[in-house]
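Participant: Chains Y and S supply the protein sequences, listed in that same order. Residue 6 in our numbering is what sits at position 6 of the first sequence, and the numbering runs on without skipping anything. Residue 234 in our numbering is what sits at position 234 of the second sequence, and the numbering runs on without skipping anything.
Among the clues, some could well be false.
[What the hints assert, rightly or not] Derived coverage of chain Y by chain S (criterion: at least 3 residues anywhere in the stretch with Cβ under 8 Å from a Cβ of chain S; other residues may be distant):
1. 34 to 44
2. 55 to 62
3. 225 to 236
4. 340 to 348
5. 364 to 374
Since the hints were derived computationally from the structure, they do not count as laboratory data. For glycine and all other residues, C-beta sits at the position ideal for the given N, C-alpha and C.
Below, each chain spelled out in residue letters.
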Amino acid sequence: MNNHPLEGHNSEHSHHGHEMSFIRRYIFSTDHKIIGLQFFFTAWFMMIVGGLLALLIRWQLAYPDSPVPLIGRWLWPHNDGKMTPEAYVATVTMHGSIMIFAVIIPMTTAAFGNYLIPLQIGYRDMAFPTLNMLSYWFIWPGLICFIASYFTQGGPSGSGWTAYPTLSVIQQAAPGSGTGQTLWYLGLLFVGVSSMMGSVNYLTTIINCRAPGMTFFRLPMTTWSLFVTAILQAFALPVLTVALIMGLLDNLGWTAFFVPQNFDGNWIVNNFTRRSAGGQPLLFQHLFWFYSHPAVYIMVLPVMGMASDIIATHVRKPLFGYKPMVFSILGIAGLGFIVWGHHMFVSGMNPSLGTAFMVATIMIALPSSVKVFNWIFTVWGSKPNWSTALLFTLAFVAFFIIGGLSGIFMASTPTDIHIHDTYFIVAHFHFVIMLGGMFGLFAATYHWFPKMFGRKMNETLGKLHFVLSFLTIFIGFYLMHQVGLLGQPRRYADIRPLVDSEASYAIMLMNKISSHSIFLFGAAQLIFVFNLFYSMFWGEKVDKNPWRSNTLEWEAPSPPPHGNFERTPVVYRGPYEYSHPAASEDYLPQTHPPLPGEEQYAAH
Amino acid sequence: MYWQKILWTILFLSVPIFGVASFWVCDMYGALWPENVSEIYGRKIDHLFDVIMWITGIFFVGTELLLVYAMFTSKDADSSQKADFVHGNRTMEIGWTLMAAAILVFIAFYQIPTWSQVKIEKPKKPADAHITASMWMWQVRYPLWDEEARTPRRLDVTQPALAESFELVNELHIPARETVLVYLTSRDVIHSFFIPKMRVKQDAVPGLLVPVWFDAGKPGTYEFYCAELCGPGHYMMRARVVVHESREAYNRWLRDQTQRLREPGGGPEIASDNAGDTLTHSVAQAH
Ligand code: HEM
Ligand SMILES: [Cu+2]
Ligand SMILES: [Cu+2]
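Okay, chain Y solo, but in the shape it has when bound (with noise of 0.2 Å):
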């Protein structure tokens, strides 16, 4: 098969089409719609998993001396069923490294992006064909590292997402530091390679593969974020490859880069001279927030993307500014490189560094706050038809705005050293990428459904889902807020009492309340489960369009076949000319020819 991206044209599919097997069709597939769809199940199964997790969690913090409910009597019968310090820290560092490495980027990059990237350019397939199938099949080493941690002595690690040296890097400083922490170094190495063959394809992709009369400003929002998306991991990933493989050595015991001087054996015997030859833990974590600070933009760019398609979309109304969007994705992702030291205002790193690192992360509030304004304004003046996605949508704006504001109590270097590593950093991070992304995904999910299966999913049902998911989770992690800001540390396996704290109670109450909105958000996900397979089968059948769609996505059938498009589609127009007063319907194709007069009506 030759899939050279610069020779051949869509007409030439249908050649190998027919022949194929069924492993070659679905399971070893180099179709980019398979492959998406092998990342949309997967991350999906992950995020059951990773939710699990989470619910643990939520029931240690909650109930810290009472059984673990079903399981705790069966995992823990030598602690009457009680979580052990040893499960509660190794659970906290696999429900992160679950949703953040195998949930949210496969979701957003690889599932998404596969899917939607072609479709949306107008072209057969990705660049890459091979390759892309190779990036899905490099993810199940990964997991497969993360799940056999479970099964090693000591368990999976116990050092946070996050792994900080020297705790991750000596075998003996705890159960969870021996194999679970090489596996879990393999593990992420794996899952780092499968992002960056997704993101050397997607960028060749987008430069040489565009349909002709797609322009780089007349790209779907998604796309622009995928691609900037492409170009985070693109430079970040190898400083994040880097660190994971010098703390693999360190943690087989061949080197020292993280290990500061004179470790010998189980205690690093300090003599606090700063002489050569030592390692440096905080080098790791200057490398790891360089990947990690531009990974949290890998997470919630493609959402950002994605969700202003869907509000333009669902509201009839053109984008509200969409170069200062292009603009402002393009600003977060330059500022991204340079605020990583937000995350070690207080590490030891030197605090006049501080300084600079607290600048540029208030500054990169600006084109976040810009975004906001813009998708607000997209809906002022509008016509929304209300549909699940616009309401999943909206609740990721809503939210978003409240992560935004949180990081600035964190970006401000004074106020950080009082609720770094509290509660309040978590409630932060589930804003944006928990209540945010997530959300955002859901709501990817309901629009982009039907063109994956040709049926609807369930809008009764996709609104209770909405309601219930929106009260539950805000209730649940918005007073993480409170609790951060009187003192509730992160990662503790028991929180009580906060001895001198007047607040113990109050603090427990919220514990409990946030637990139990929590429960009840994961009782609703299983509307969403059934809604999702009863819908792929016997949801409502609709046409290539159902939504009304300007982008040239919805030209094709849905699902769209092998090669996509009947004849490569040529482009006239942005994507966004909803409710254009020239046209007799509420939207006007990408594809659709100039109408007379059009021009007077263009985007400055």
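Using the hints provided, position chain S with the ligands relative to the given structure of chain Y.
Facilitator: Chain S with the ligands only, in chain Y's frame:
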């Protein structure tokens, strides 16, 4: 469709309402901030908290209401009107960019002096204590009392294990109403020294010796604990700060401890029931 619009508007209105109300209720019951016992540093930090809380609070309510208002005033899905055909507005874009930039620049520069004071401009005074964190305890080393000079001896923080000092576990004694300077390090993994009521936090990193300064205006006993994941026992790494009435009272305490140490078979008062049994001590506090 009209009722749908009303319903969703109300639902989204719950965000600013619950957001503000829950903070307000917590504040009313004293369940928003730990008491602030610091008069010099912690107070400045709380002032910044107040400023940022007001700014972000106004923005929070403002933008959420703007979103709700936009939803509420949107056109009905079954009306014959089309949505407004608007692609943006350059004046508005420039306007809100400049407004946000001005506020952010203000926040950025307004806090710089405080940060310098709490983390950069190290007070010029001898070290009051040297703290070594390890799994899962805090070893606090104090200078011995010098009876001739009537001052504490000089604590050589680069050689803390040597003479001229004594050690307590999980107890940090400090005088009230003055800047206290301690040096922080770790013997094994990264820990973090956190006294919520004094708004101070600093990681203890193996291989680094980091100065930390803070103050307490109000005598009493407060909690400090570890804020950086340091293994399964992280949650029990809790300890006490004992704030003495005054410098004089603190010096008297140092002298007592020193004398006790000199007595045959003596040792520092509190260390005796801690030493070698730190975990039980922490656990006793934790439960
Ligand atoms: C308005 C923009 C934002 C600002 C100013 C901001 C600021 C910060 C700061 C200063 C920290 C470090 C706090 C600390 O550890 O003491 C932090 C942590 C974090 N942020 Fe943000 N942030 C912003 C947006 C985001 C977004 C969009 C995401 C993800 C989608 C995100 C995800 C995270 C995560 C995961 C952490 C915590 C990492 C950890 O310690 O485990 N942030 N943020
Ligand atoms: Cu960051
Ligand atoms: Cu700790």
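Participant: The structure should be examined with respect to each hint, and the outcome stated for every one.
Facilitator: Evaluated hints:
no., hint, verdict
1, 34 to 44, "violated (count 0)"
2, 55 to 62, "violated (count 0)"
3, 225 to 236, "violated (count 0)"
4, 340 to 348, "holds (count 3)"
5, 364 to 374, "holds (count 7)"
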